[in-house]
Amino acid sequence: MKIDTLFIDADIPINDEVQYIISKLGIPPIQVKESQFVYAHINDAHDPILKAKKTLYITTNRGAIIKECPGTSEYTCCDYTILHTGTFCTMDCSYCILQAYFHPPVLQYFAGLDLLGSSLKKRFEQDKIFRIGTGEYTDSLIWEKISLMPKFLVETFAEQNNCVLELKTKTTNIDSLLPLEHNGKTILSWSVNTPKVINSEEKGTASLTARLEAAKKSQESGYKLAFHFDPLVIYPGCEQEYENIIEQIFNHVSPDNIVWISIGSFRFMPDLKPIIQSRFKESTLCYGEFICGLDNKMRYFKLLRIALYKKIISCIKEHAPQVLVYFCMEDEQVWENCMGFFPKKEGELGRLLDKSAAIHCNLNKSLL
Amino acid sequence: MPNNLFRDNILNIDIKDINLADERYKVSLSKTDITTLANSINHTGLLYPSILRPADNNTYIIVSGFNRVSALIKNDIPNTLAITLSPNTSELDCYKKAIAAYASKHALTHAELIVCLKHLKSFCDEQTISDMSLAIFNTQLNIRFIKDLLCIADMPEPALDLIHNANMSIKSAKRITGFSIQASAMFLNVFSKIKASSSKQLEIITYVFEISARDGIKPETVLNDQNIQSILSNTDTPAGVKANEIRTFLYEKRFPSLFSTRQKVKEQIKALKLGNTIKLTPPENFEGPNYTLSFTAKNHKEFQSNIQKLNSISQNDRLKQIFTP
Chain F
90 MKIDTLFIDA DIPINDEVQY IISKLGIPPI QVKESQFVYA HINDAHDPIL KAKKTLYITT
150 NRGAIIKECP GTSEYTCCDY TILHTGTFCT MDCSYCILQA YFHPPVLQYF AGLDLLGSSL
210 KKRFEQDKIF RIGTGEYTDS LIWEKISLMP KFLVETFAEQ NNCVLELKTK TTNIDSLLPL
270 EHNGKTILSW SVNTPKVINS EEKGTASLTA RLEAAKKSQE SGYKLAFHFD PLVIYPGCEQ
330 EYENIIEQIF NHVSPDNIVW ISIGSFRFMP DLKPIIQSRF KESTLCYGEF ICGLDNKMRY
390 FKLLRIALYK KIISCIKEHA PQVLVYFCME DEQVWENCMG FFPKKEGELG RLLDKSAAIH
450 CNLNKSLL
Chain Y
226 MPNNLFRDNI LNIDIKDINL ADERYKVSLS KTDITTLANS INHTGLLYPS ILRPADNNTY
286 IIVSGFNRVS ALIKNDIPNT LAITLSPNTS ELDCYKKAIA AYASKHALTH AELIVCLKHL
346 KSFCDEQTIS DMSLAIFNTQ LNIRFIKDLL CIADMPEPAL DLIHNANMSI KSAKRITGFS
406 IQASAMFLNV FSKIKASSSK QLEIITYVFE ISARDGIKPE TVLNDQNIQS ILSNTDTPAG
466 VKANEIRTFL YEKRFPSLFS TRQKVKEQIK ALKLGNTIKL TPPENFEGPN YTLSFTAKNH
526 KEFQSNIQKL NSISQNDRLK QIFTP
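In order, the protein sequences belong to chains F and Y.
Here the first sequence is numbered in the numbering used here, starting from 90 and rising by one per residue.
Here the second sequence is numbered in the numbering used here, starting from 226 and rising by one per residue.
If we strip away everything but chain F, and leave its shape as in the complex, we get (with noise of 0.2 Å):
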């Protein structure tokens, strides 16, 4: 989607970093003194989510910048760190829940860089392996065209030993960030799905060929990967096509690069149903068997996604045995069934994480 209006908050001063969106979008900026002016400017439209998708605020995080992913007590989380740099996305992918996340919704660029620094090195100075990421309420990598932030937070991460940054897109907008000292510190990781889910749900992504080839260069330039089966989507036939998706990354990048892989069936809250039926008309997408999981999300019926699951990890397991294959949000029953084992203890998993972030990050090992 391309960005046809640019708000900017009026004691933004106008810098280097704000100067680079500017010059790349090549809209003039429209100056706001209330943010009440963007929200208007979106919710008069006819489909406000698409107008957000083409309205780019830059304003400043008034909340906190670093947080731990919320994860719900139901089901195993993986203490992710959210690095909030922004908000909601240019793609449009139907099942996206920052479509009824956010009300309304509104395409945000953070800016301040000194002060995403300064946030950042606080961590860097903690005794403790943090795993830290972008994608939670943006695409990680949509800001890379128009932004320096992805350059910086590569820069930033290489300078240290603790951390690592996880980018997670469904672009290919890696040019910049390839001829980067990256150190290792940084994990450039793909969203994947079948063509078809791509094709019918997934509008404005790379195909999943070109994230693949973007996950090919990245390698080559010596970063590390990962891949996430997130969200699967059932339908007949599903099965053999992930199979070809694992088939398809293992021929273009060695496991040895692959920090983890990390599935999750789709899931959403119920309000975003009527988005989608509204949003995406031709979209099959909710009528799958879903039922209200413990977390009050929908869910498909769990035992189609054991079975699912099952299929998956036995691929992936056939191709890359030492790979570290994770659930995002499933409980001990899936885990158990699919994977042999459960992580049962709190923060057990963030742990295995963090071990896997460590040894193919070379991050201080003594803090694990």
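Source of the hints: derived by calculation from the structure; they are not laboratory data.
There may be inaccurate statements among the hints.
[Said to hold, decoys possible] Straight-line C-alpha distance at most 30 Å; calculated DSS-like pairs for lysine-lysine:
(1) 399(Y) - 386(F)
(2) 386(F) - 489(Y)
(3) 491(Y) - 399(F)
[What the hints assert, rightly or not] Which bits of chain F does chain Y cover? Going by a derived footprint, with three or more residues having C-beta under 8 Å, they are:
(4) 368-380
(5) 386-394
(6) 411-422
Each residue gets a CB set at the ideal place from its N, CA and C atoms; glycine is no exception.
Keeping the supplied structure of chain F fixed, place chain Y upon it in accordance with the hints.
Here is chain Y on its own, set in the frame of chain F:
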């Protein structure tokens, strides 16, 4: 031209001059037994005159008072005092008077509201109707509600009858308007043969919509399924039971894996022969981790009997299978 042509008058009118066949201003959709009203008129006379509109050939059309005129005829009364509208009274004003006269005495049903709004909509927009609704309908109608009802007004028969007789809710009717004419007609056919609450109707509509969207078939194909048609045509089954049978059938189609797992576990639990006092319940939708076992006991003997029963089945393979569906 005499003055009385320009204003409403109370005149003595011959009943034979009233055109009973013209019901364009009739608001009520209920079929009323006029015997009671006829008796009342016999005893106390006509308390409220009808409202009539002059028509061609010295005849009159009833604007308000259809039952009163019928009761007078039943009583063989040849003439009556009636409020006679000026001949130049507009069609809109006639409708307004008809609605106001009825609404001042009865709360309009949704179906009656729909009929009235449809008439008014041919003269004014929703905003104007909303603005005058308190004066005419004796209640404030907001624009959104008016729009919803007008949307339903274009549905084919027997939509209004179903709404009027509480066989179809306004919510359900509104949902059905989103379907094709053919599918709408099939839904109306289903609702005319079953008895279901609004939430059950909405469940049926949702399942049909989602099955058709998922399978890429028309909703009418889902409704045309032989199983559904067979349920509908069974004259021995009460309408409420038919509704539940259709819901179950659609649920099975919508959630085939969940349904078959439930059935399988139900059969396995049944095969354990736990009796009436012991109940084993799997987690809801098999999502949570905990199965629930409960039993009742009137006395110590029953308590012991339950424990013995549970002990006897604890190593049963069927029981183990229940925990790994």
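Exercise. Are the Cα positions of residue 491(Y) and residue 399(F) separated by 30 Å at most?
Worked result: Distance of about 26 Å is within 30 Å: holds.
For this session: Mind checking the alpha carbons of residue 399(Y) and residue 386(F) for me, to see if they're no more than 30 Å apart?
Result: Holds, because 27 Å separates the two Cα atoms, which is no more than 30 Å.
Exercise. Does the stretch 386-394 of chain F contain three or more residues whose Cβ lies closer than 8 Å to a Cβ of chain Y?
Worked result: holds (count 5)
Exercise. Has the stretch 411-422 of chain F got at least three residues whose CB is nearer than 8 Å to a CB belonging to chain Y?
Worked result: holds (count 3)
Exercise. Does residue 489(Y) lie within 30 Å of residue 386(F) when you go C-alpha to C-alpha?
Worked result: holds (26 Å)
Exercise. Given as covered by chain Y, does the stretch 368-380 of chain F meet the bar of three residues or more with CB within less than 8 Å?
Worked result: Coverage by chain Y holds here, the residue count being 6 at a Cβ distance below 8 Å.
In this structure, every one of the numbered hints holds.
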